[in-house]
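Protein chains in written order, with the numbering used here: chain A, 1 to 641; chain B, 642 to 1282.
A couple of the hints might just be wrong.
Claimed, not checked - Where chain B lies over chain A, by a calculated footprint (3+ residues, C-beta under 8 Å):
| # | region |
| --- | --- |
| 1 | 377–391 |
| 2 | 577–587 |
To be verified - The calculated lysine-lysine pairs, modelled on DSBU-like cross-linking and capped at a C-alpha distance of 30 Å, are:
| # | chain 1 | residue 1 | chain 2 | residue 2 |
| --- | --- | --- | --- | --- |
| 3 | A | Lys439 | B | Lys657 |
| 4 | B | Lys936 | B | Lys657 |
| 5 | B | Lys1199 | B | Lys1080 |
| 6 | A | Lys637 | A | Lys439 |
| 7 | B | Lys1199 | A | Lys16 |
| 8 | A | Lys637 | B | Lys1080 |
| 9 | A | Lys16 | B | Lys1125 |
To be clear, the hints were calculated from the coordinates, so they are not data collected in a lab. Heads up, the beta-carbon is just placed ideally off N, CA and C, and yes, glycines get one too.
Protein chains: 2
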Amino acid sequence: WRSRGRAHILRYVVLKWTLCFLLGALAGAAGFLTNLAIENIAGVKFVVTSNMMLADRHLWAFGVFAASNFVLTMFAAVITAFFAPAAAGSGIPEVKAYLNGVDAPEIFSPRTLAVKVVGCIAAVSSSLHVGKAGPLVHTGACIASILGQGGSRKYRLTCKWLRYFKNDRDRRDLVTCGSAAGVAAAFRAPVGGVLFALEAVSSWWRSALLWRAFFTTAVVAVVLRALIDICHRGKCGLFGKGGLIMFDVTSDTIAYHLPDLPPVIILGIGGGILGSFYNFFLEKVLRAYNLINEKGYGYKLLLAATISICTSCCIFGLPWLASCSPCPTGISEACPSIGSYGIAAPSGLFIPVILTGATYGRLVGMLMGSRSTLDHSLFAVLGSASLLGGSMRMTVSVCVILLELTNNLLLLPLVMLVLLISKTVADALNANIYDILVKLKGFPYLETHAEPYMRQLTVSDVVTGPLLMFNGIEKVGNIVHVLKTTGHHGFPVVDEPPFSDSSVLYGLILRAHLLILLKKRVFLPSRSLFGIDVSKQFSADDFAKRGSGKHDDIEDIKLTAEDMEMFIDLHPFTNTSPYTVVETMSLAKALILFREVGLRHLLVVPKSSSRAPVVGILTRHDFMPEHVLGLHPSLLKSRWK
Amino acid sequence: WRSRGRAHILRYVVLKWTLCFLLGALAGAAGFLTNLAIENIAGVKFVVTSNMMLADRHLWAFGVFAASNFVLTMFAAVITAFFAPAAAGSGIPEVKAYLNGVDAPEIFSPRTLAVKVVGCIAAVSSSLHVGKAGPLVHTGACIASILGQGGSRKYRLTCKWLRYFKNDRDRRDLVTCGSAAGVAAAFRAPVGGVLFALEAVSSWWRSALLWRAFFTTAVVAVVLRALIDICHRGKCGLFGKGGLIMFDVTSDTIAYHLPDLPPVIILGIGGGILGSFYNFFLEKVLRAYNLINEKGYGYKLLLAATISICTSCCIFGLPWLASCSPCPTGISEACPSIGSYGIAAPSGLFIPVILTGATYGRLVGMLMGSRSTLDHSLFAVLGSASLLGGSMRMTVSVCVILLELTNNLLLLPLVMLVLLISKTVADALNANIYDILVKLKGFPYLETHAEPYMRQLTVSDVVTGPLLMFNGIEKVGNIVHVLKTTGHHGFPVVDEPPFSDSSVLYGLILRAHLLILLKKRVFLPSRSLFGIDVSKQFSADDFAKRGSGKHDDIEDIKLTAEDMEMFIDLHPFTNTSPYTVVETMSLAKALILFREVGLRHLLVVPKSSSRAPVVGILTRHDFMPEHVLGLHPSLLKSRWK
């Protein structure tokens, strides 16, 4: 866009910041509304139940409690299962995969957004042990994606100016800002939100993005503050302190010295082990739930109902079982949270982990008793940090989020120490929780580093199947046939004699662009070059990137037998600068190129000049370890595995 | 390294973290020592002078004050000019350029390190308006580089294990951590340090690095804390509060509402304008100083002496001129700081800007008077933020550093607002201060984005000069001749018949590796392939990347006429997977590849198969706007400029 006129650039820049502002305002409002609704629904439920309890009608109280929970859970599960299955779960794995380049269908559609917000409110207020941070991140990303693609064409909310943003890069930037805004809205932690997006979600990062994400989260913080200020005038029902987690670290001057370190180190090691166990069990439970959920709607709802009833029983029953100690045990919180995650409803993992961690920290603090001079509330904060470090493996962002929650910078060195220890311990045991979820969902996520065995292979070792390519001027029938019989998204274009001296690689054409050419029927009667004016038949909007998951289908284009015999000149529509690698290039280095530059197609050119000008095309799937190992099973046994 | 055995990987990982730990400890200690020395020297000077003042011996007091300042300044200037000219200035531009891939000679040598620390102490305690943050960043980077290259071979401080780190990537990572540690040591702001490295210094960033930089700064914070704790027992002379800038925002509950916004916005706009003026004048002054400094040692020292005497006069004289108001005027601080930066002594810009900004903020606060309910100390913080945002253009890192300095999170939204406004205003006027400095120093810094006119060019448009390449088996005489007559660092290796069917690109060989081959004299009597065992004559250490700025010289290698007639088989020593682009590739896209993957050489292969297998080689200099515009002056007038 830098090559456009001044007016265009100005319009683009203004629009970019306006979108970020809108994104921040909407995400802030969404976060506030979610909190408001949850507090009111859960609050009414609590008031009614406790009034009954006070009137000694325990069975009735349980009935109302369980029934309301059941209704809320089923509501969340039904809307998720029937209207937007993509809204189930936390949404962070989806956002992470999208920012890595995986464009799963429907993950950012308006329907997903609506179900996510409503479902999250219902699920959280139904006393399930699920959080709202993850859904808010997904909500932020959805808002960003919808804003970026200029509203939804389906629902006729679009704008002409927004065509500047109809490309992968701008949309990706906006989604990154959206996920930062989501975290900022969940924790009222603007800096923490930016760091979360940087550390846990994004795959590419530019300095300019830091600045824009920061602006977005600042808007979120201001909007949240303003809305809460309005609420303090008392028109928001049962809305309390903003529904945000607040650690009450009361002692103003937290003093800690060398003798306090051993308990903190023990806490960190314990948190790391617990965190990795949490990941381990979550994976097992999710695998089991996935089996159940795959069987159909009935099973999905049955599972949700079972979890809801069990949770109600646990919450209602536990206070009777345990003696009335000031500190609930850690296990009683962790298990329901693992159990609740897999059901078909929007549900986050972040806040349950924080709460469980706080309980764990208090428990450790109580066990330490007089051996440590540290405050119990401090132990709670450190416990949260250790469990977050152990299960999510984020460091800087957790640290900053906790600082922003506690509003006390003196904690910093201790929190850092605990995070370092727990992450190191947990990393030795298993993988990051989001990586586990991404893998479970089956997204082809590209890792930053190449596997060791990839250094032993060249790109020609993984290129499979016959290569389909087009001539610079191609017969319509051929194009239709190729598009119908394959699912590839990009095709090399090669100029053959007599249009060039020898066979020459001209570029790469995308499936989406071919479909538009076919739709517009810019056909030639014979194999000759177009005049210069053919590209004027198209506007930039025709070739704009469609919204996430939307594309034309070859089956929808009806062509006559006559059309099939005509020709298309592909030259004006071909990307003439595709990235290429020589066939002898090491697979590991090709992966670095593919990943760092953020490609979708990489052409393989021959080493020797006697062959066709292009010998293969690499896509994301060709770099997946499963694919490579499937082609070369001997590597499994080699020392590089 | 992932392909090595388990023991190697373990050793590498342990070493990596040990190095980070050492780096943190050393940087923390260096920061502490710098502060301690400055406080003591400046303190003694102050005590002596004020005693004389109290005894009414004003002229004597001025004499002692000016003389001590003069001696200290001259000491700093002399050691910098004669021993390590690379230690002059703040050092942040050098670190930034290094992390962008520009390996300037001597910037990280032990001598530079020593001069930097000692010179910084002398310069800061000589009452010049220079800071210690920049020099500490350079110090941290120096320590990192020296640790990473296994000590200095020259001073025989090396270790065999460290050979794992003798490559560009690991050294770059360490230097990034080092610069983060430097900021952390200067401000005792661990999170701010990491963000500073991310936002202002580094050109490439990986998630794993965030974690390691964070560890390093945590170590710095702990070491600083421990050392200051020791000092509080009173053995450190005049060492006070740790020599750190402390904003005393006393009012515990800072309340601000909508009516407070206008003054804050005005403050932000003013800060942006002042910041960009600051950059503008600094550039002018530096250009003038550079002209003087280039004339020789005498002029350098004369300049330093003049500045020192002027500064002494100003500081001593001003209190007489101004009436004894509680608030010094902003201008009186900004000008000396601009004047002091360009002299040949280590000197930072960060702290002068903070101090000037604080003064500016107080001034605005006083002018506002009763119209604003905000505290004056709050205005000082916001003034610092606005000037930092206006001159350094950092956002998130400044915000976090100020938060860590003030230890008050409630300031966050206001600081963010001020930063946003001042950066936006200043960006509209001129460039970032570090970019100006990098350009003034003439480093070939690669920008993240391509210039618009680069989209109009293909790579073949900028390839210049005859391409020098080697055969797979090359005559020694040829190699020596080429190395002697050119300064290129990489050469394509091409296999010609009869060693292959046709002329084929085999790979890329580095000058450094060729020099080692010549040194070891692994020559062949005739043009035939080596046996397999030739690579055993070399250890990995031979091909390890040398320390920054060090390399062999072709003139040092003595070969007989007989040797010149022999051959070398280059195949085992060639990088067989060089990155390539087709000659029709757009220059802008090639730049993205070059920059994102972090290359030093990019081979250009022909589009058509009838020509040589490689038609050019692109290096960093070929992408510099000056080079491109020099080749195509018509672009200067085009609409894309």
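Taking the hints in turn, this is what the structure says about them:
Counting residues of the region 377–391 of chain A whose beta carbon lies closer than 8 Å to any beta carbon of chain B gives 0, which falls below the threshold of three, so the coverage claim is violated. With a threshold of 8 Å between beta carbons, the proposed coverage of the region 577–587 of chain A by chain B holds, since 8 of its residues qualify and at least three are required. For the hint linking Lys439 of chain A to Lys657 of chain B, the alpha-carbon distance of about 29 Å falls within 30 Å, and the restraint holds. For the given pair, Lys936 of chain B sits about 44 Å from Lys657 of chain B by alpha-carbon distance, which is inconsistent with the 30 Å threshold.
Proximity of Lys1199 of chain B to Lys1080 of chain B is assessed by CA-CA distance (about 39 Å); at most 30 Å being required, the pair is judged violated. The hinted pair formed by Lys637 of chain A and Lys439 of chain A meets the criterion: a straight-line CA distance of about 23 Å does not exceed 30 Å. A threshold of 30 Å between alpha carbons decides the hint, and for Lys1199 of chain B with Lys16 of chain A the separation of about 62 Å lies outside it, so the pair is violated. With a C-alpha separation of about 53 Å, the suggested pair Lys637 of chain A and Lys1080 of chain B falls outside the 30 Å cut-off, and the hint is violated.
The suggested pairing of Lys16 of chain A with Lys1125 of chain B is violated, with an alpha-carbon distance near 53 Å, which exceeds 30 Å.
The structure shown violates the earlier hints numbered 1, 4, 5, 7, 8 and 9.
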